[in-house]
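Asks: Each chain, letter by letter, is given below.
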Amino acid sequence: MADKTKVGMVFPPYVFEVEKGKIAEFAMAVSQKESKGQVKQIYADSGEARAAGYKDVIPTSTFQTCFLLWGGGGLMPMLEAAGINLVRLLHGEEEYEYLRPIHPGDVMTGVTKIVEMYDREKKGKPGKFMEFTVLEAEIRNQRGELAIRARTTLVER
Amino acid sequence: MKKALTYESINVGDAMPTFTSDPITRTHLVRYAGASGDFNPLHHDETFVKMFGMPRVISHGMFVMGIVGQAITDWVDDKNLRKFGVRFSGMTEPMDLDDPNSKDRATIVVTGNVVEKFEADGEKKIRCEIKAADKLGGVKLTGSFIAALS
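Residue numbers (the working numbering), protein chains in the order written: chain A, 1 to 157; chain B, 1001 to 1150.
The hints are simulated quantities; they were obtained by calculation from the structure and are not laboratory data.
Incorrect hints may have been included.
Said to hold, decoys possible - With a cut-off of at most 35 Å between alpha-carbon atoms, the simulated DSBU-like pairs for lysine-lysine come out as follows: (1) K113/A / K1083/B; (2) K1050/B / K6/A; (3) K1083/B / K20/A; (4) K122/A / K6/A; (5) K1079/B / K55/A.
Start from the sequences and build out the full structure, keeping to the hints where you can.
Replies: Next comes the structure, spelled out in structure tokens:
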């Protein structure tokens, strides 16, 4: 059961250095492609990205999911700290606001905070509750500029 | 060359182009696990999921969100995407390679409609509602995105 005294808790920051190869690898994964020549080239080729008006290659829209998973200790320590039961856990919602572009060489620092915890009665099951935990992460670049704001809703069945 | 998408040319109610993924295989899941760093065995190890009575591994929800992201940025330029959010509603099982009939449950179809045109922060924007479902109609997620247009 989620520990509701943890609302407001801020997790230790995680740091992720953005690599060009990782951007292309992630683009291949979400595009279901076998090689980086097959993905949209603004994700893989610096020259093509510049020709399209970008400073360098850019990541696909959900790339920041790797920052926590590869740059932090992953989700597990966070869930344990928040008292969330892994066996009953579902990923309910995910939302991103894109505030600044991200390029290879950027060093991103993410800080995640528990902003809300609440219960909602299950449909058709009076007295049975689902528990919701809402996390907000601010992801800044090496200049301290906010690049992405992420909001994650976790659900315990 | 696809036709440029402009604020003037788009109207509330317009549909974004329908996007259809390749049928998701276990190999796609492994590739996504490595790329994202999400190594929850639920997504690649059948001996793990069978302990919970599940017949097969299931896709990462974030992989499906990534596919939806591709559908969106096939239509609007990546640099114009301002906000993208989804609510997950159904699990996705990969196709079994020895069962061609299982393709449909593993094929993600992304559809969307413009629901709002507005100006904010000095930009002209559209908000679209989106849905991802498999070919059998099973809804995987619903959500919305906001993009700036010139």
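Asks: Are any of the numbered hints broken by this structure? If so, which, sorted upward?
Replies: none
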